[in-house]
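Engineer: Here are the chains, one letter per residue:
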Amino acid sequence: GAGVSQSPRYKVAKRGQDVALRCDPISGHVSLFWYQQALGQGPEFLTYFQNEAQLDKSGLPSDRFFAERPEGSVSTLKIQRTQQEDSAVYLCASSLELGSSYEQYFGPGTRLTVT
Amino acid sequence: QQPVQSPQAVILREGEDAVINCSSSKALYSVHWYRQKHGEAPVFLMILLKGGEQKGHDKISASFNEKKQQSSLYLTASQLSYSGTYFCGTPTTSGTYKYIFGTGTRLKVLA
Chain A
265 GAGVSQSPRY
275 KVAKRGQDVA
285 LRCDPISGHV
295 SLFWYQQALG
305 QGPEFLTYFQ
315 NEAQLDKSGL
325 PSDRFFAERP
335 EGSVSTLKIQ
345 RTQQEDSAVY
355 LCASSLELGS
365 SYEQYFGPGT
375 RLTVT
Chain B
45 QQPVQSPQAV
55 ILREGEDAVI
65 NCSSSKALYS
75 VHWYRQKHGE
85 APVFLMILLK
95 GGEQKGHDKI
105 SASFNEKKQQ
115 SSLYLTASQL
125 SYSGTYFCGT
135 PTTSGTYKYI
145 FGTGTRLKVL
155 A
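Chains A and B, in that order, give the protein sequences.
Numbering (our numbering) for the first sequence: 265 to 379.
Numbering (our numbering) for the second sequence: 45 to 155.
Worth flagging that the hints you see were computed from the coordinates, not collected in a lab.
Careful: at least some of the hints might be erroneous.
To be verified - As a list, the in silico SDA-like pairs of lysine to any residue whose alpha-carbon atoms are at most 20 Å apart:
| no. | chain 1 | residue 1 | chain 2 | residue 2 |
| --- | --- | --- | --- | --- |
| 1 | B | Lys111 | B | Thr137 |
| 2 | B | Lys70 | A | Ser322 |
| 3 | B | Lys142 | A | Gly363 |
Claimed, not checked - Each pair of labels, with its calculated beta carbon distance range:
| no. | chain 1 | residue 1 | chain 2 | residue 2 | range |
| --- | --- | --- | --- | --- | --- |
| 4 | A | Glu316 | B | Pro51 | 37 to 45 Å |
| 5 | A | Gln347 | B | Thr120 | 39 to 47 Å |
| 6 | A | Pro325 | B | His101 | 32 to 40 Å |
| 7 | A | Pro272 | B | Gln52 | 31 to 39 Å |
| 8 | A | Glu316 | B | Gly59 | 46 to 54 Å |
| 9 | A | Arg273 | B | Lys152 | 23 to 31 Å |
| 10 | B | Lys152 | A | Glu316 | 39 to 47 Å |
Fair warning: this is a prediction, and the values are worked out from it, not measured in the lab.
Built from N, CA and C at the ideal position, the CB exists for glycine as well.
Throw the hints in and build the complete structure from the sequences for me.
Structural biologist: Below you can see the structure in the form of structure tokens.
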């Protein structure tokens, strides 16, 4: 069956540009997570959605980062005025269950390079 | 506080065994294990929900010592396909949403 998909797979942005990263979770999955993974590091939590509600955004590194999931399915992570330190792989994961105690299914990620 | 994994890296020959440890300074409410191959997304291996629980499939198993705030992943008779980076992961507190991954263990299996 269809897994989690993300687009674009690769994005190059000039410093100061805005970017939008899309995540299509598995159909019916209520939970959606965004992570940032720097080279050679583990994924770091950014934010969590339960359906359309953003219940935890404690991991967003600055107010330049914004995420939404308006209809409880597709989610978009937006980064405004990108900086070089934003370069990373952005992973989206979805889960059938509520909360973070259950299996997460990850998408392939979007590799963002800010030049 | 991020769970600390040990060893940081390990190289095995096919057929050898390995143990990867995950230790937390805070209470672990559940422990998950993921494997990530280079350039790919993490893939779920197993979840341990209760202290004392042990699970396994194929030649990969895990244990969870809730009192010691530790979990271990056991890889027996390793195969080339086991190569990758292994992460333990856990919710930061019971019933919460924020999720945290361990420091990671890079494992390479040689023929």
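Engineer: Could you run down the list of hints and mark each one as holding or not?
Structural biologist: Hints, verified against the model:
Taking the CA atoms of B:Lys111 and B:Thr137, the gap is about 15 Å. The hint holds against a cut of 20 Å. Distance check on the hinted pair: B:Lys70 and A:Ser322 sit about 19 Å apart at the alpha-carbon level, within 20 Å; holds. Of the pairs offered as hints, the one joining B:Lys142 and A:Gly363 holds, with about 8 Å between alpha carbons and a cut-off of 20 Å not exceeded. For the pair A:Glu316 and B:Pro51, the beta carbons lie near 42 Å from each other, so the given range of 37 to 45 Å is met.
Taking 39 to 47 Å as the suggested C-beta distance range, the pair A:Gln347 and B:Thr120 conforms, at roughly 45 Å. Taking the beta carbon of each, A:Pro325 and B:His101 are about 36 Å apart, inside 32 to 40 Å as hinted. In this structure the hint that A:Pro272 and B:Gln52 lie 31 to 39 Å apart at CB holds, the actual value being about 32 Å. As the Cβ distance of A:Glu316 to B:Gly59 is approximately 50 Å, the hint placing it in 46 to 54 Å holds.
At about 26 Å, the CB distance of A:Arg273 to B:Lys152 agrees with the hint of 23 to 31 Å. Separated by about 42 Å at the C-beta atoms, B:Lys152 and A:Glu316 satisfy the suggested range of 39 to 47 Å.
Comparing the model with each numbered hint stated earlier shows that all of them hold.
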